Amino acid sequence: MALDRRMLDELGIENVEELFSDIPGEVRIDDIPLPKGKSEIEVVRQVQAMLAENLTADVAPSFLGGGYYHHFIPSAVNTIISRSEFITSYTPYQAEISQGMLQSLFEYQSYIAELTAMDAANSSNYDWSTALGEAATMCHRILPKRTFLVPEAMSWDKRSVLKNYVSGAKLNVVEYSYDPFTGELDLDSVREKMTEDVCGIYAEVPNLFGIIDSQAPKLKQEFPNIPLVVGVNPLSLALVKPPGEYGADIVIGEGQPLGLPMNVGGPSLGIFACRMEHVRKMPGRLIGMTRDQDGRRAFCMTLQTREQHIRRSKATSNICTNEALLAVAVSAYLGMTGSKGLRSVARINLKKAAELMERVAEIDGYDSPVFSGAHFNEFVVKAPLRPEKLNKLLLRHGIIGGLPLQKHVPRLVDHMLLTATEMTSDDDVDRLVTALREVAQ
Amino acid sequence: MALDRRMLDELGIENVEELFSDIPGEVRIDDIPLPKGKSEIEVVRQVQAMLAENLTADVAPSFLGGGYYHHFIPSAVNTIISRSEFITSYTPYQAEISQGMLQSLFEYQSYIAELTAMDAANSSNYDWSTALGEAATMCHRILPKRTFLVPEAMSWDKRSVLKNYVSGAKLNVVEYSYDPFTGELDLDSVREKMTEDVCGIYAEVPNLFGIIDSQAPKLKQEFPNIPLVVGVNPLSLALVKPPGEYGADIVIGEGQPLGLPMNVGGPSLGIFACRMEHVRKMPGRLIGMTRDQDGRRAFCMTLQTREQHIRRSKATSNICTNEALLAVAVSAYLGMTGSKGLRSVARINLKKAAELMERVAEIDGYDSPVFSGAHFNEFVVKAPLRPEKLNKLLLRHGIIGGLPLQKHVPRLVDHMLLTATEMTSDDDVDRLVTALREVAQ
Amino acid sequence: MSYRQARYDEPLIFELKGENDFCLMSEDDVKIPEGMERTDLCLPDIPEMDVVRHYTNLSQMNFGVDNGMYPLGSCTMKYNPKYADKLSSLPTVASVHPCQDEDSIQGALRLMRELEKSLCAISYMDAVTLQPAAGAHGEFTGMLIAKAYHEDREDPRSEVIVPDSAHGTNPASAAMAGFTVIEIPSGPDGCVDLEALKAALSERTAAVMVTNPNTLGLFEKDITKLAEMVHSVGALLYYDGANLNAIMGMTAPGIMDFDIVHFNLHKTFATPHGGGGPGAGPVGVKQFLEPYLPVPRIVSEEGKYRLDYDRFDTIGKVRSMFGNFAVLVRAYSYILAQGGDGLKEVSQKAVLNSNYLKSKVVPTYEMPFAQLRKHEFVVSAKKLAKEKGVHATDIAKALLDRGFMSPTIYFPSLVEEALMIEPTESESKETLDRYAQALLDIANADPAEVKKAPISTSISRVDEVYAAKELILSWRMYQRKAGLK
Amino acid sequence: MSYRQARYDEPLIFELKGENDFCLMSEDDVKIPEGMERTDLCLPDIPEMDVVRHYTNLSQMNFGVDNGMYPLGSCTMKYNPKYADKLSSLPTVASVHPCQDEDSIQGALRLMRELEKSLCAISYMDAVTLQPAAGAHGEFTGMLIAKAYHEDREDPRSEVIVPDSAHGTNPASAAMAGFTVIEIPSGPDGCVDLEALKAALSERTAAVMVTNPNTLGLFEKDITKLAEMVHSVGALLYYDGANLNAIMGMTAPGIMDFDIVHFNLHKTFATPHGGGGPGAGPVGVKQFLEPYLPVPRIVSEEGKYRLDYDRFDTIGKVRSMFGNFAVLVRAYSYILAQGGDGLKEVSQKAVLNSNYLKSKVVPTYEMPFAQLRKHEFVVSAKKLAKEKGVHATDIAKALLDRGFMSPTIYFPSLVEEALMIEPTESESKETLDRYAQALLDIANADPAEVKKAPISTSISRVDEVYAAKELILSWRMYQRKAGLK
Ligand SMILES: Cc1ncc(COP(=O)(O)O)c(C=O)c1O
Ligand SMILES: Cc1ncc(COP(=O)(O)O)c(C=O)c1O
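So the protein lines, in turn, are chains A, B, C and D. FYI, the numbering used here numbers position 387 of the first sequence as 387, with every residue one higher than the one before it. Take any residue in the second sequence, note its place counting from 1, add 1000, and you have its number in the numbering used here. Take any residue in the third sequence, note its place counting from 1, add 2000, and you have its number in the numbering used here. Take any residue in the fourth sequence, note its place counting from 1, add 3000, and you have its number in the numbering used here.
One thing to keep in mind: the hints can contain errors.
Only pairs whose alpha carbons sit at most 30 Å apart, straight line, appear in this in silico BS3-like list of lysine-lysine [to be verified]:
| hint | chain 1 | residue 1 | chain 2 | residue 2 |
| --- | --- | --- | --- | --- |
| 1 | D | Lys-3304 | A | Lys-351 |
| 2 | B | Lys-1036 | D | Lys-3017 |
| 3 | C | Lys-2360 | C | Lys-2429 |
| 4 | B | Lys-1314 | A | Lys-351 |
| 5 | B | Lys-1036 | C | Lys-2017 |
| 6 | C | Lys-2221 | A | Lys-36 |
| 7 | D | Lys-3304 | A | Lys-340 |
| 8 | D | Lys-3304 | A | Lys-389 |
| 9 | C | Lys-2031 | B | Lys-1382 |
| 10 | C | Lys-2429 | C | Lys-2451 |
| 11 | B | Lys-1392 | B | Lys-1351 |
| 12 | B | Lys-1281 | C | Lys-2117 |
| 13 | A | Lys-351 | B | Lys-1036 |
| 14 | D | Lys-3383 | D | Lys-3429 |
| 15 | A | Lys-145 | A | Lys-170 |
| 16 | B | Lys-1314 | C | Lys-2469 |
Rather than coming from a laboratory, the hints here were simulated on the basis of the structure. Keep in mind the model is a prediction, meaning the values are calculated, not measured.
Hey, can you work out the whole structure from these sequences and the hints?
What follows is the structure, encoded as structure tokens:
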């Protein structure tokens, strides 16, 4: 990419350096200490070769879940989000020339609202964990107290992110525990932790243990005035009562199971929905339906006064770049599955996990499932050896094992989460069972 | 895909079978003896697994050419031809709503015209071999005689296809030979075969042996009244004098080297260009520049009266469906490389082949190159064992060997064509040399 | 009218200026023999971005099935499922050379063999070659087979009979194979006129080419009789399978006693048409013709696939290598996905859609011949033309303005002002209703308005006469005309 | 005006009707605990084709860099090379779970470690975390690091100073981390007013956030002095790296004595913006802040990569897992392709383009502050507004009509009627000339005509007030308002 001499000439300069004369000499550098540029062919080969060192769930049976899942993605989803008009556009500041993205995002919001049975959804947060952080501070805006209750059965990551997000508002994060038999949330524990200072309660359905927590709906019944935040795997909502129906004020979750690749963990999609009454306290971008000068239906960004570019330090959130393209992918996926297909995917997931659970239960030395609650597509197993060790042994059999839980819930020594999805074949299960048996000896 | 009951009702029928009542009972069948349908996930897995039994030039060093080549394709080519407006459209019968395809095809014709230095190109034939067949019958239309001269150094496939294409017009295909030392065409032999009955001469540059045949330009000088058809690897035209500059009447070739994948041999792209004076005798679809009612520049199909849908049994060809999308891909590729990049690709090919030639020459038992003519990106080697056998042995080393030549030119026992492209790395060459040495022992 | 196609002032790529940023690797100069060097090469040198923009914007000025209904009669413009895009562009397709040792292309050979078998199952024929690149190419192959067959029996024959409603490729292909083509008129019912056929048949007849259902969408009710007549003079019966979409699982060319059939994979088997191609036109034959099929044949021995070139009676090759392999991958995947049951449903739905749509537009548009149609139907705008001066072309253009592709027009020529409409199974009732409404609206509209159409496309009506007169077929011809070169 | 955007009457997907053809595999019924079953789920059930058409047509009603020039100031809308699309969607990216054993994700870990090193090289910083998902998220991470640093030194500080020309995310991020934000006005030269800074600085100052070149495209000439001042009170100097595109290879935040910097990979490093995201906002720090970076850190031991969670001073995590990995793949590939030399050229070309375009539109548009700009420049339409009533919005809309994206408008707010233009290095002189001409044409056009714009886009001016008043944010809210539910 040489410089265009004609432009230099028209500017009347000899050398492009002259355009950098305003950079003081003492902060000038001569170059970037990196190798010279490479051609596309070399780059493609080098990066491809580097990434080939990753083991993929396409070739190795995988039983890893815990927030990210190996699901089937219809090819048409990729066809849709490969449209370069979507990919190469910015945030739709100029609504008139950006109706495609605006309508797509409005539809995404609509899909999330339907799934969660909430009124409004924003057009994405970074991921589930940051959505949780934003939900907590939003609770604080709704009810300006300083304690936020969270389950003990929650991933370590989310807890850590949450703490960072609430540090500005100086909230305390307090844990309530779970019923060691059912794996569901322990309502007594919540009652115990409940004080005058609580600004919100957080629960997950399914929870970290994969359990469709039948206690969650009781939270709003018991504590009607405390904002309730529910975290979901949205796929489960095809079969499970949506949080909007049991009083959630805010619903968050991870959009990845709805047609997004795992991508080594990112980008993923933070779902964020709430009741109408709270909408002005929401973080993130909102697309509204409106009309154009000629009365045609149209879409545009709305309630921008909540956002950083207008409200600056008083904004409801600092979020600017979000995960819009993934929101379109999720819409495309839901468009493809519809109600019928989504229910079907969810049912298969549930069933595959139940089958896996039974098969593992038959192996000596493994306790499966550890909890008696109803499972969605994953469950907790107690193994006869450390899960980290177990996973390394499984890897030698070409199998990607489950999620070790101790890091997340310290008392769950030797526990792991095993996951099945529609991608789990009977053969995969056979291979796992054989390997688990072998390594247990 | 169930039937829509509402439609049946509106038609006043009970069962869709009623719409098939016109099919006489004696020719009715009950079903198709094939398994039941499968879901996308199952189809994708099954086909992927089946195709995984193919060895690809992405993982195995390959020295196979002879018409199809392993070249680098810039990612943007795929971006462009993945545009579904192109992919899912039919032949642009309605010009007003199909300007995108029409302009793209006009540009393709223009690119081919530039490369070959001819006036006009059609918007594609099936492949090189059928383009040759159509070129021969076109020569017969230009000069209604019955002998078509072809080189002995020509692939068996093309000769077979040619014979089928000229069988209707009852042409004789007569071979002239090559100079056994240079590998170039033997002008004396052409003179010898030249009779009153010749309607056309065919030559290839580079020829089957990869040789940039310096005798080809002499054909028109010697036989100015005989239609001359030249077959090309279009990539070579970045460096080599175009046939239009040495009197060719028709230029044909294979478009695959210009940004198309090898695809196990198809689809590929038959190039077909000619001088203006012959254009009404041409096969295939032609796009012309025109204007719309408002005077805007526009494009449409033209000279359709040559084509089967108008002229029926008197058409210049039966071709209808062609290879339009690949023509767009070739244009996109040439758009990306431009003159500069195309020359660069061609130069690298030539150089890599020269290096390979030298390396192979150093191995005991191999005669490389067999011919002294100037090579483009492939050359002939005489091996110490049968090339088919040699290739099986190379395959054990994970190497895809060269093209055995005996099938094409029977006197070339134990000869094979080795090819290098910009994809051939030094390491590939090292591996081949080591393996060739080993199998020779 | 609210639909409006995009319009960009997109210059020819040759008119773009910029700076080439293509970079492969460093290179030295190379030597070309004297007298063979190229002295100039004038392709536009522009950056990748400008190329991408150019084609992205051009693509928006092109209408495809993915934009809306595309009921071009005889073309079967159905939806092409996207998994096929993915599978046909796998590296295990793209990066495989056709001349590799058989051991290294077992996947490809297996897929092709399986596809041959599936096409046999669908057509009730005995053997299939996948080599032809398109329907017309399949016809040509079929004609070569017929010729070889008759010559082999030392009974060379010179004539091929084709009904006047046949697709233009039929007579063109027969002629290319060296046959004299005899066109016979259709009967008053739109079907082959058996009397005319009888009169044309003789010992000179090599083959009769029949499309069934024919291009009017009518099933040849006397097909059994017809087949008998053809065979009784020793001729072969050829099936143009471009319309197979209508009858899968309900009847089959093999059952109807056809001897040779070609398939249009790019119609019935959901391969997108790419703005003109590529397609694939496999040919199926009855057992007695199998020896004539092009080489190589794929044979399976002890679980391994092998290429057999060694066949005495073969016609040889009709194109290089095996055929349009990547297209075959699409068709194979589609057939797997549909299964036997699904393909039958495809035909049922295609025929239902066709008859439903027909019922909505008749009698505003006249319907020659019988009412019951298969996958497509042909109506006539004769009355409209006469009463209002609105012709088939005008209707076509007015449909474009409404965001629909037009039907095939003026074909088959036995119907005046023909509109040949093939909705395919892909369209829903809702879309069919909108299309019907558009046709009715156009019939009722002010003729002056209709004749202004299209106004919503990127350009207005093109001047085809000017194109043929000026004959500008390339950038260099344009430059020459414009005095630029 | 000849450009015209496509328009389709594209209903909401919820309004589409049809028949769902999605099929996964056969399934039995399953049991959901009583009281937890979902009773209804009302998503549209339509076939794949209709979904594909819907989004294909919607996409044509959206303008991206691949359609034309997109000089949104501060957004660096450059061309995104297509190899990155390919590499970031390889199965070895897509189908890898972040919690896999380290041994099975060595490729991913290596790529991330290499990218960290490259970003260090470009910025002259010492350590980088790739975890933040966007620029604002990087800012927030930086603020958490600053807080941790000060707390660690038992010198907790409560204030962050931000110039008024800063991007809105700066004050928002600082506030989110719990700091009191002090905005200081810009000086008469558009740069940070050192006097105002001095007055604001104190022992309460945790950090000062600076964008350099700033959002006016001006390089902070007193940057050395500024850094000294900030550091002298014990505060940290934060670099908003969204504008890094301007200065790569010419200067670097590390050299300018910044302590913390975030990168916008989706701006400088050619990741497409996806209509709003995803992006990635890595954060670089000087050595003394390295202990505070989020976990895990990627460490290499004997040629193997390992994740290190065991870091005492870490702030913990700012999002799950490692960051937006697929975006990191893009950025890494782009940096490899450009190399050190290429990145420097990127900045030179970006600055040349900016100054060239500026020279074409000034003085028709007024230019506050100095003439020399870096990658972007801000002009004012104040005169036009006053004399003709044509405001920045009107100009923006009129540009749309000409097939161009508008500049960023009304930002930064210290410039009245601001048009903030960032052409990026991707555009050629030819395109810049056309853009300049469009701006000049608009200035000279009949104001009444300009105020009618846009007329070439799929809709005319939207009613934002109506949107905010009605507040219809989802299909269910729409149905409720419309009395449909
Ligand atoms: C009835 C009929 N026969 C034959 C053909 C020729 O097929 P192709 O275009 O693939 O050569 C077509 C397609 O246009 C057709 O509709
Ligand atoms: C100067 C500046 N800072 C920060 C940001 C925020 O970055 P992001 O949108 O990635 O959160 C932006 C982007 O809009 C920007 O332009």
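Against the structure, the hints come out as follows:
no.	hint	result
1	Lys-3304(D) - Lys-351(A)	39 Å, violated
2	Lys-1036(B) - Lys-3017(D)	27 Å, holds
3	Lys-2360(C) - Lys-2429(C)	11 Å, holds
4	Lys-1314(B) - Lys-351(A)	65 Å, violated
5	Lys-1036(B) - Lys-2017(C)	55 Å, violated
6	Lys-2221(C) - Lys-36(A)	74 Å, violated
7	Lys-3304(D) - Lys-340(A)	46 Å, violated
8	Lys-3304(D) - Lys-389(A)	18 Å, holds
9	Lys-2031(C) - Lys-1382(B)	24 Å, holds
10	Lys-2429(C) - Lys-2451(C)	29 Å, holds
11	Lys-1392(B) - Lys-1351(B)	27 Å, holds
12	Lys-1281(B) - Lys-2117(C)	40 Å, violated
13	Lys-351(A) - Lys-1036(B)	23 Å, holds
14	Lys-3383(D) - Lys-3429(D)	27 Å, holds
15	Lys-145(A) - Lys-170(A)	10 Å, holds
16	Lys-1314(B) - Lys-2469(C)	22 Å, holds
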